[in-house]
Structures are given as structure tokens and as C-alpha cells.
Amino acid sequence: MNKKQEKIFVLVAAGVVITVFVFAPWSDSYFGLLLDTFREPAWNDISPHDVVKNVISMTVIDNVDNNCKMSADNLDNVIEHTYFVRGKEFAQAVNYDMKDKTIVLPCEMIDDQKSRLHVWYIKEEAPRFGGKYKYFVTPWNDTSP
Amino acid sequence: MLKFLGFGLIFLAFIMLLPANSNVQSDSLKMYGIATLVLRDSTGEMLFENVIHNLVVDSGTAYMLEQTFGDGSTEVSDADQVDTVCVTDALTPDGATDDAETADDFNTENNLTPDNCIGNISFILLPNSATTGALTFEAGTHFPDGTEIGGIGVCGNGAQGLLPDGCDTTAGQAPLLAVVDTTDVTVNSGETVDITYTLELNG
Chain A
1 MNKKQEKIFV
11 LVAAGVVITV
21 FVFAPWSDSY
31 FGLLLDTFRE
41 PAWNDISPHD
51 VVKNVISMTV
61 IDNVDNNCKM
71 SADNLDNVIE
81 HTYFVRGKEF
91 AQAVNYDMKD
101 KTIVLPCEMI
111 DDQKSRLHVW
121 YIKEEAPRFG
131 GKYKYFVTPW
141 NDTSP
Chain B
1001 MLKFLGFGLI
1011 FLAFIMLLPA
1021 NSNVQSDSLK
1031 MYGIATLVLR
1041 DSTGEMLFEN
1051 VIHNLVVDSG
1061 TAYMLEQTFG
1071 DGSTEVSDAD
1081 QVDTVCVTDA
1091 LTPDGATDDA
1101 ETADDFNTEN
1111 NLTPDNCIGN
1121 ISFILLPNSA
1131 TTGALTFEAG
1141 THFPDGTEIG
1151 GIGVCGNGAQ
1161 GLLPDGCDTT
1171 AGQAPLLAVV
1181 DTTDVTVNSG
1191 ETVDITYTLE
1201 LNG
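First to last, the sequence lines map onto chains A and B. Under our numbering, the first residue of the first sequence carries the number 1, and numbering increases by one thereafter. Under our numbering, the first residue of the second sequence carries the number 1001, and numbering increases by one thereafter.
Hints listed in this document are in silico derivations from the structure and should not be mistaken for laboratory results. Positions of the beta carbon are idealized from the N, C-alpha and C atoms, including for glycine. Incorrect hints may have been included.
Per the computed footprint, the stretches of chain A lying under chain B, defined by three or more beta-carbons under 8 Å from a beta-carbon of chain B, are [said to hold, decoys possible]:
# : segment
1 : 25 to 37
2 : 60 to 72
3 : 98 to 108
Each computed BS3-like pair below joins lysine-lysine, with the alpha-carbon atoms no more than 27 Å apart [claimed, not checked]:
#  : chain 1 : residue 1 : chain 2 : residue 2
4  : A       : 88        : A       : 99
5  : A       : 3         : B       : 1003
6  : B       : 1003      : A       : 4
7  : A       : 4         : A       : 53
8  : A       : 53        : A       : 114
9  : A       : 53        : A       : 99
10 : A       : 101       : B       : 1003
11 : A       : 114       : A       : 101
12 : A       : 101       : A       : 88
Facing chain B, a subset of chain A residues (Cβ under 8 Å, in silico) [to be verified]:
#  : residue
13 : 1
14 : 4
15 : 21
16 : 44
17 : 79
18 : 80
19 : 137
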């Protein structure tokens, strides 16, 4: 191939990729699986069988530089479950102090003195998004979801 | 060097099209339960809640199948169980898409009465499934020659014998279990159509 032919080849190849990206249902392809590593699952579309949902109560203990230290007495129950393969990673994400049973979250996540911490994760053997987790805070008097 | 970039892009397009045979749902799973555990303090306030699936073990699956389908055993009288398959000339039977469909609805939209069903079926029970085996419906016996069959209903009515008149609508008897919108087929004089229905419970 000379330089001109190489340029045409690259342009055609790029056109093929763009066409596939725009028009082809690639989400169930190996490329889609690869992308799952980086994107958030649509939690409502995942079979309830594959999702474990936990809720614990937590109370604000301290506020330092807009970081709220919260009591999280029962977080061990969540983190140590055998299905939660990324439990330790989650514990680090919320700055869990296993000895004092506290976590530290940005205060903008917290509305009230007492709140609910939801921890959802997808079982590792699920066909898609296995091991993904998310956590969020809702007011104590909000019993949904 | 540019050509390697081109080959890389072609490879990328290829893996974007190569199906990974996975889905967002667990396709192999047909049945499951959900257990909810709530730990409360002495005042009744929630401390910890855990919602998690459970596995239905084989003996539980077998129990459900045995209670549901007529199979020649005596745990529930076969006449009260699902033991009938009816064909319908409704080309798009409502029950295939309407969860609220009843045996009465199925019978009403079906013009093939009175001999359009095969009753007294003894289902073959396997660890995770129940199947009728092949049921032979014959033009001239179960429906007039030249009838176009649009679907089937699975229900109870075997108490009426081998040729029940539709699905049983009696309270307390096996209700309409399922409706299948099959490919429409015309069955002419002397022709038959074999229908097999299988229910899988895979927990």
C-alpha cells in the first residue's frame, strides 16, 4: 500500500466503525461487554435475581470540612456477605472504620441527622455487570425504593 | 503505520458485531424467590435490611409441578389439575399477551367448540419441567376440515373426558395456565397437527 491507499483504507475503516456504532445493536457484542466495565448498568433492567439490595440506618456523628462522619453499625453485614465480591473496595470508598463502625460521606449526600444508606450490588455470576455496585442515601422517613 | 490503524479499526468493528451471547437478564433462570431480612432494634426501628434471591431446590420444583399437572399420581386428583390442551381459531389469542386472560375469555374468543380440546392428559414430569408429549389434533375430529389454528390454551377440564368442551371455568378447578400464539396453520381433511406443551421451572 502506498500512503494514499493507506489513508483511504483508514478512512473506510473509520466509516465502518462509525456506521456499526450508530446503526448496529452492539450492546450484546464483545465490545458491549468490554464497555460494561466502564459504564453504569441500568439497574431497573437487571433481573431482581441478580441484584442484592441492602439498607442500613446511619446517623451523623461529626462534620469536618463538609465530610460527614456517620455511624454505620451494621455495615459489616453488607460488606462481609459472600456475594459482595467488591465489598472491601466499597468499604474503602465510604471510608469505613471497621473498629468504630463509622463511614465518611460528603455532607451534600446527607439531608438529615438520620438517613438510610442503600447498597446495591450485582452478583458476580450475573451475565452482565457482575460485581458492579452502587450506593446512595435517602432520608430516614423515605421507605422507598 | 496508517494501515495498522486501519486494521485496528476493522478489528474494532468486528468485535462490535460479534455477539457475546449474554443478556442483561439471567436467561437460564425461569423461577426464583426473594427473601427479605430486616433487623430491628428494641423500638422496632430498622437497623439493617437485606433483600436477596433464593434458590428453589429440586424437591420444591417437583412439588409445584406435581401439584399443578395431572400426572397419574394421587397427591391432587388429576381431574382438578391442569390436564387439557385446547386449540383455538383465534389467530392472535389475547391470552398470549394479556396476563388477565381467563379460561372464560379463552373459550369466548374460540369458535372451535365443542371438541377442540384433548383432556385427561397425563403429563410427563421431569425434575424441572412438565410436558404433555405430542398431542395429535385431527381435522374432522377436533375441528372442521380446513380450520386455521392460531394458538393453544393449557388448562383443566379433563373431568369431561378425552374431548372436553373448552377450558374449565368452574371455580376451584385448574384455571387457564397459559396461552400460546402459535404459527397459524390450516389443517385440511385427513391432516393432523401434533402439539407438545412443556412448562419449565428452573430455579
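Quick rundown of the hints versus the structure:
Using a Cβ-Cβ cut-off of 8 Å, 8 residues of the segment 25 to 37 of chain A lie near chain B, which meets the minimum of three, so the contact claim holds. Under a criterion of three residues with beta carbons nearer than 8 Å to beta carbons of chain B, the stated coverage of the segment 60 to 72 of chain A fails, only 0 such residues being counted. With 0 residues carrying a beta carbon less than 8 Å from a beta carbon of chain B, the segment 98 to 108 of chain A misses the three-residue requirement, and the given coverage is violated. Proposed proximity of residue 88 (chain A) and residue 99 (chain A) is supported: the alpha carbons are some 14 Å apart, at most 27 Å.
Simply put, residue 3 (chain A) and residue 1003 (chain B) have alpha-carbon atoms about 9 Å apart, close enough for the 27 Å limit, and the pair holds. Taking the CA atoms of residue 1003 (chain B) and residue 4 (chain A), the gap is near 11 Å; set against the 27 Å cutoff, the hint holds. As the CA atoms of residue 4 (chain A) and residue 53 (chain A) are separated by approximately 57 Å, the hinted pair breaks the 27 Å bound. Only pairs whose Cα atoms come within 27 Å are accepted, and residue 53 (chain A) paired with residue 114 (chain A) is accepted, the gap being roughly 20 Å.
Using a Cα cut-off of 27 Å, the hinted pair residue 53 (chain A) and residue 99 (chain A) holds, with the two alpha carbons roughly 24 Å apart. For the given pair, residue 101 (chain A) sits about 57 Å from residue 1003 (chain B) by alpha-carbon distance, which is inconsistent with the 27 Å threshold. The suggested pairing of residue 114 (chain A) with residue 101 (chain A) holds, with an alpha-carbon distance near 15 Å, which does not exceed 27 Å. Our distance criterion of 27 Å between C-alpha atoms is met by residue 101 (chain A) and residue 88 (chain A), whose separation comes to about 14 Å.
Among the interface hints, the one on residue 1 (chain A) holds; its C-beta lies about 5 Å from the nearest C-beta in chain B, closer than the 8 Å criterion. The closest approach between the C-beta of residue 4 (chain A) and any C-beta of chain B is roughly 10 Å, which is over the 8 Å cut-off, so the hint fails. Interface restraint check: residue 21 (chain A) against chain B, minimum CB-CB distance 7 Å, threshold 8 Å, status holds. Because the beta carbon of residue 44 (chain A) sits about 10 Å from the nearest beta carbon in chain B, more than 8 Å, this interface hint is broken.
The interface hint given for residue 79 (chain A) is violated, since its Cβ lies 12 Å from the closest Cβ of chain B, which is over the 8 Å cut-off. Taking 8 Å as the C-beta contact cut-off toward chain B, the hint placing residue 80 (chain A) at the interface is violated, the least distance being around 12 Å. Residue-level restraint check for residue 137 (chain A) is violated (minimum Cβ-Cβ distance to chain B is 14 Å; threshold 8 Å).
Of the numbered hints stated above, those contradicted by the structure are hints 2, 3, 7, 10, 14, 16, 17, 18 and 19, listed in ascending order.
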